[in-house]
Structures are given as structure tokens and as C-alpha cells.
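Engineer: Next come the chains, spelled out residue by residue.
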Amino acid sequence: MNSPFSLPEASTHAVTVDRIFYLLLVLSGATVVLVFGLILLFAVRYRRGSSAKRGPMPEFLRREFEIGWTLATLLSFVFLFWWAGSADLSSLAAPAGSLEIHVVAKQWMWKTQHPSGAREINALHVPLGQPVHLLMSSQDVIHSFFVPAFRVKQDVVPGRETDIWFQASKLGVFPLLCAEYCGTDHSVMRGKITVMRPEDYARWLVQQPEGDDLAHEGAKLFVSQGCSGCHAGSSNVHAPRLAGIYGRMVQLSDGRTVKADDGYIRDSILQPKRDVVAGYDAIMPSFKGLLDDGELQSLTAYIRSLAEEGSHD
Amino acid sequence: MTDALLAGDLPLPPRPDYLRHGSTIASWLTTTDHKRIAILYAITITFFFFLGGAAVTAVRLELFEPNGWLLTSDTYNKLFSFHGIIMVWFFLVPSIPNTLGNFLLPLMIGAPDVAFPRLNLFSWYLTIAAGAFTVYALLAGGVDTGWTFYTPYSSMFSNSHVFAAAAGVFVVGFASIATGVNFIATTHMLRAPGMTWFRLPLFVWAIYATSLIMVLATPVLAISLLLVIAERVLGLPIFDPARGGDPILFQHLFWFYSHPAVYIMVLPAMGVVSEVIPCFARRRIFGYDFMVYAMLAIAGIGFFVWGHHMFVSGQSALASLVFSFLSFIIAVPSAIKVFNWTASLFRGQISFESPMLYSLGFVGLFTTGGLSGLFLASIPVDVHVTDTYFVVAHFHYIMVGGSVSAFFAGLHFWWPKVTGKLYPESWAKFAAILMYAGFNMTFLPQFFAGYLGMPRRYHTYPAEFQIYNVMSSAGAGVLAVAYLLPLGYLTWSLFYGGRAGNNPWAATGLEWTTTSPPPPKNFDRQPRVDRGPYEYHAEGMSAGTDAPEVQNARDIR
Ligand code: HEM
Ligand SMILES: [Cu+2]
Ligand SMILES: [Cu+2]
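Keeping their order, the protein sequence lines are chains Y and V. Take 1 as the starting number for the first sequence in the working numbering and just add one per residue. Take 1 as the starting number for the second sequence in the working numbering and just add one per residue.
Check each hint, because a few of them may be wrong.
As the list claims (entries may be wrong) - Every beta carbon over 10 Å from chain V, so not counted as near; a handful from chain Y, in silico: (1) Y46; (2) F81; (3) Q130; (4) M196; (5) D200; (6) H238; (7) K259.
Said to hold, decoys possible - Each pair of labels, with its calculated beta carbon distance range: (8) V/D524 x Y/L25: 55 to 61 Å; (9) Y/G29 x V/H188: 41 to 47 Å; (10) Y/F65 x V/R531: 23 to 29 Å.
If you are wondering where the hints come from, they were derived from the structure by calculation, not from laboratory data. For glycine and all other residues, C-beta sits at the position ideal for the given N, C-alpha and C.
Between the sequences and the hints, there should be enough to build the whole structure, so can you do that?
Structural biologist: Here it is, written out as C-alpha cells:
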């Protein structure tokens, strides 16, 4: 059992969050002391029939007084916003070179998959001190990936990919919880995050049963689902080559340019009519309902791996 | 001729008060008297309050043990959903506006009734019809979506009675809208001669601001529920991502209503407290016009902060920042109000009858809840505590600690006016103190549990949180007693309470100038107003220095 009285700060982000939290705690504490103190003071001093001075109100209790405390409150709140807001902004994007892990949520379990293809259920092993980037999607309802010790939480939504990242800073096993109500067994949709030394993590990975790695699986799907029939270099259908598109800007037929990231590729597969590439006809069929989230992630990983190959030559 | 008549002591023409003006059931069910409709509402929401309370009693009992011992997960989920739906839409939203507001708004502005008396009655019947849907949903097997009805769970996955429950909330929304329209029209059209806008009691301003929100926000609730029903029953693809829908769209619609709705639940409470504190402190309210502007600001800005419920939903970082900023801004007028209530005590002649105890309790608990709102407005902290017990504690501090305490403050304050009876004051004081204690025992531990990572809506939970849940459940027992007590002694007072005079608290305000209980048309003569609402002493002075006997004198006006 974990301690009922304290929560470890097990990620770099946890320290930032706690710092804001404690400042807020001090400010709120001071406000509570002020307000409760004044109420108590007045309640005693000005109780009915007490001999405390009444008479004309002192001069200073004027509009200026009220405007003064309004401004003071406003300024301190704007300061709080600025501080919390800038902390939020600086932790938005995952650093380059993060370990990418795919997470699929479904009623009522978490499935995770490492870049090597190793899979886990309701568990995730991560190396200490290395940023970990989670790419998450849901197969049914909305869930929420919550690791209190890391102070991170992100809803996992069907039909789109959401992400978070963290960098573990303490060894140990930490609870993973589902925080968005998702039906009957919501409260047992829990798991464990194990933080290991990088060398232990490497060893652990090797011991995992050989899973097909994502890109590999994607390559197979690319053929079996018929994508290659249009997209392969040898095809005589007029369709764009996919090698190297990942991460590039794509010109669309309606004049927009968009970045070919995970979301774009996902949309291209599920709703091809939405973003039609300039110079091509909208003949690509939608694969909505034909591919599940795991398969979409594999295909995306495959297309991404094509980009990496492309950049080698 | 009797001696009395001969002596010139002529009997008044018979003029029964509104309670005795017709005593058949039918005279109640077809009444258009705002005061009687207020009573109908009071009975209705009391029923729902205890129904919602019964549901949560089972929830709290279950949470004594980390792995459950009493209920199945499905039952547990249905109980907290039912609790939320009932408490929000069938108790708290109608509580102060439809009971005290209905009763007092015309009295306070010197009008014989509301602007549309029959619409008023109709809105009560809508509430009853809506309640029937919701109770049917319970009896038929329950609904398990939570009060928030999030899609796609509610529209595609839940196997429970979502349709009936959503229909109930849909219908009760129209009751809200009807009431809002009625109160807005009443405040605009029916003020007595001399009752200018800035002579309105703050309670009237509060009800007015609340009504504006009801009219502007509730239609969006109706739309969002209608869309859930359309997807669930007719299969229209709206929130289903596999067919081009967007499940997050629902959250935007829902919170566009439900954030303003939290102000529907708290503004009237602010109004009550702003009447009670000046009366028992014998002081003019500090900064009357600031209080008015603060309420209007809250009502206005409240429409632009809904995204703070969605910081982890995947909404864009820019949107989150804007919503965070506006959430901090909306806390400013709330803070102003707390400072002004406190300052109104300065140099008062304060006495501590039960309405005052409840009101001071409101100020304390609202302050605590409001401060916890600042934590939630800070994005990095919210990301950690959202969907945990921290949020549960936050909104209970404001809505239960705050609004329900204020409702009890108002109930006790105006009880003599409404019923013509005095209640036993020592019991009432005891209940007020017990309620404050029980409330904190129940909800303070939840802040800790939430920060340490206990998610909300958890039927079973990691063992380290048991200590907080046991404290909470024990506190809930105390709180339950504190809520049952007034039911007992107030009912008792109906039969055995002493007769109340017209103005037992020596309060200002037009409602105290008529008899207790008032006649059917409120005033025997058209009131005229020539002063501000809280003239307990001359301008620029503090509370009177009269001896306590004089301060305590009843019926001085
Ligand atoms: C004083 C200013 C306030 C601020 C800055 C504030 C801030 C917030 C924030 C940011 C949340 C979202 C938390 C989350 O879901 O992670 C929240 C939740 C909530 N607040 Fe407030 N709040 C304030 C006052 C109020 C008032 C006056 C009420 C009600 C009368 C209220 C009722 C609620 C409710 C019901 C929820 C949670 C709803 C749910 O998720 O079921 N808040 N508040
Ligand atoms: Cu869940
Ligand atoms: Cu809100």
C-alpha cells in the first residue's frame, strides 16, 4: 500500500506542479486567515450591546478603499494566471528524442506498446530520466490516463489521438488510474507504471516475448489492406508516394497547406475526402470501420518509418 | 350589538391570509398565487432533496470499504448519477429561486404577484412532469452516465435508462426558462412607485441576474440533451467518431450551459446572505453598487469560462489559456463580495440568531470553495486534480456548503413571514452549527484524497485512501442529522410555533411591512418607496448605539 499521507514527486513535471500548488496554498491560507480572522474579530468586538466604538464611519472607508482591494485582487490573480500559464506552456511539447509509446484504452483496460513491439496490459515499464511520449487513443468511450505520482493526466478519446509526455525522476512502481468515468468497471481500470534504470529497462525489453514491431506490422497491413495497390511505386493508379511525407508540409487541392503529422495521416486514412492532396483525384476510399485503432497506429508508424528511411538517403 | 362594537372597536372586514384563502387541495393545485406556488415548489424540492440524499447515503456507506461490500459497480454508478441529476436540477437549481424567489420577489418590489401568474403555475407542473420522468428512470432500473451525460458513453454505450433521465432534465429546463422569463418581466414591469433599480434589495438583483442566465443558458442544455437522444434513439451520427461525429462537441455544449448553471446555483445564495447579514449586523451593506456590478459581472463572464472543465480533454493549448485567464478574472467579483460581507460586519450591532449563523457559515464555506477554484483555474494544477475528489470537494464547498447553507439561512429568516409562525431558535442554532461541522467533516478530507490522486466516481479505490473516505462517510452521518433536524422542528413550528409579528427581525424591506403571512394580494395598500434597501442607520454612520433591548425590539417599524 502506498502512503496515505504523501504523494511522491516522481517526475520532473511533478516538482513544477507542486511549486504552484504550494504557492496557491500559502496565498489561500493567508486569505482564509484574513477573512475568517476579520469575521471572528468583528463578531466578538461588535456583538450586540458591546461597548466598542460605533458612531460615524471612518473617512477612509470610501469607494477608493473598495477600488483598491478590487485592483489588488485582480493583480494577484493575473500574476497567478501568468505563472501557472507559463508553466503550462513550457511543458506542452514532448522533447525531441522521447521514447514513443503507444497506448490504447478500452473498457476496461490499458494496452501499451513499446517501440520494439513489446506489449503490456495494465502496465508500463519506462526508463528513469528519459522523456517518454505517450500516443493514445481509445477504442470505445472516453478514458483518462492518470498517473498521480507524475502529476499528469490526459483524456483518451475515441476517433482521435491525444498525447502526453513525462520524464520519470524516481525509481519505483506508481499507480496508473483511469480518471474519466467510462462505465461499469471504471474504478478497476487501473495499472502500474514501473520506473527502471535505463540499463534495467533495456534488459527488460530484451526479455519480452518478440512482438512484431509497429512499423513492421504496418508494412504488412499496407499490403493486406490494399494501400500498396495505389501507393506503391509500381502501381499505375495516380496516387502520391508516401516515402518521406511524414513531417513535411503538404499542399492540398483547396489551397491549404498542412503538416503531415500523425493526426493528418489518420485523417487521410479515415476521411480521405477532407484533405485531398493537390494534383490528385479524391479516389482514395475511406477505411473507417475497417481498421481498428491499433492497426491505424501501426500504419502510421510504418509511414513514419518511410520518412526516416527517406531522410537517410 | 356587542360591547366591543359599541366601544367603536369595529371588527376588520374578514381578510384571510394567503394560506387560509381557500383550503381545498384543488385550491392549491390551481392556484396562481406566487406565494402558494412557492410552497408547492418547497414541498417538491424537499422531496427531491431527501431522495437525492438517500442515494448518496448508500454511496457513502459503500465507500467505507476500499473494495466495496454493499453494492455492485453498476448500482453504485447509478446511485451517484441519480444523486447528481436530482440534486442539481431538481433541488439546487430550483431551490432558492423557485421557493424564496417566488415568494419574495413580488413582496420585495411591492407587487401583487409575478408578471405571468399562470406561467408560474405551469412551470411547477413542468417540474413535476420532469421529476416523474427522472423517478421513472430510477424505478425502471436507473441511469449510469453521471449527471454530465458525457458522450459517447451516454449516446452509444450505456445500457441504462438514459432516454428517460435526459428527457426529465430536458423538460425541467423549460421550467427554468419559464421561471426566468417570469422573474425578468416581473422585475422590469411591476416595481412599486419609487422602487428604482438602485433601491432594489440585493436579493432581487440576485434573482434577476440568475434569471438572465437561466433564459440564456438553459436552451443550450436542451440542445445538447436532444442531440444525445437523437444519436441514441434515432441513430443520427453526431458524437460517434466512427461516423464523422465528435464526442468532445458534447462537452462544449454541456459546459456552455453547466458553467453558467453553477452561478444559477450560487447567485441566489449570495442574494439571501446579502439580506441577512445587514439585518443581524444592523448595518447598511458595504458597497451596495459594487455588489450589484459584481453579480452582473459574474452572470456575464460566467458564459465564457466553460473550457476550464476541459483542460485535459485535448482542447487546444491556446483555448485552455484563454479559459484559464477568464476563470481567474471571474474570481475577482466573487472575492469582492466576500470582502464586502465581511466589511458589513464592521461596527455593527451583531446578534447571532440562526439565519445569521447560517449566513456566516455560507461566507466561510464559499470563501474556501472559491479559493479552491483558483487551484482549478491554474492549468498545471488542474491537470493533476481534475476528475479527482479535489473537484468534488470544490463544488460541494460552493454548492452545498455555500448555497445550501444560504438556503437554510433564507428559510429561517423568512419562515415567520411565510408561515406566520416562530420556530424554536435554540434548535435552529444547534442545527446550523452542526451543519457547519458536519459539512467540513465530510468534504475537507476530500481535498486531501483528491490531491493524493483519488479519482472521482470510483466504486472501489486504492487502500491508501480509505482513511479519508471513512472520515468523509462519518461526517456525512453528522451532516444527515443536521439536515433532518430542521425538517423536524420547522414542521413542529407549523402546529405549535408561537405567532410571528409582521417584522420579527426588525428588518428593512417591503416584505416586512405586510402581515405575516401576507394577504393573497400581498399588500392592503400600494406601497411607496422613498429610500434605499438597507437603511438600518443614517448614511455615513455605523450601527446604532441604542441599548441591546432597543436593538432587539421586534416590530419597530
Ligand atoms: C470562484 C470562482 C470559481 C472558480 C475560479 C472555479 C473554477 C473551477 C474550475 C476550473 C473547475 C473545473 C475543474 C475540473 O473539472 O477540473 C470547476 C469545477 C466545478 N465548479 Fe467551480 N469555480 C468557481 C466557482 C464555482 C461556483 C460558484 C460553483 C457553483 C455554485 C462552482 C461549481 C463547480 C462545479 C459543479 C464543478 C465541477 C463540475 C463537474 O465536473 O462535475 N464553481 N470550478
Ligand atoms: Cu474510466
Ligand atoms: Cu465551471
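Engineer: Where does the structure disagree with the numbered hints, that is, which hint numbers, in rising order?
Structural biologist: Going through the list in order, the structure violates hints 1, 2 and respects the others.
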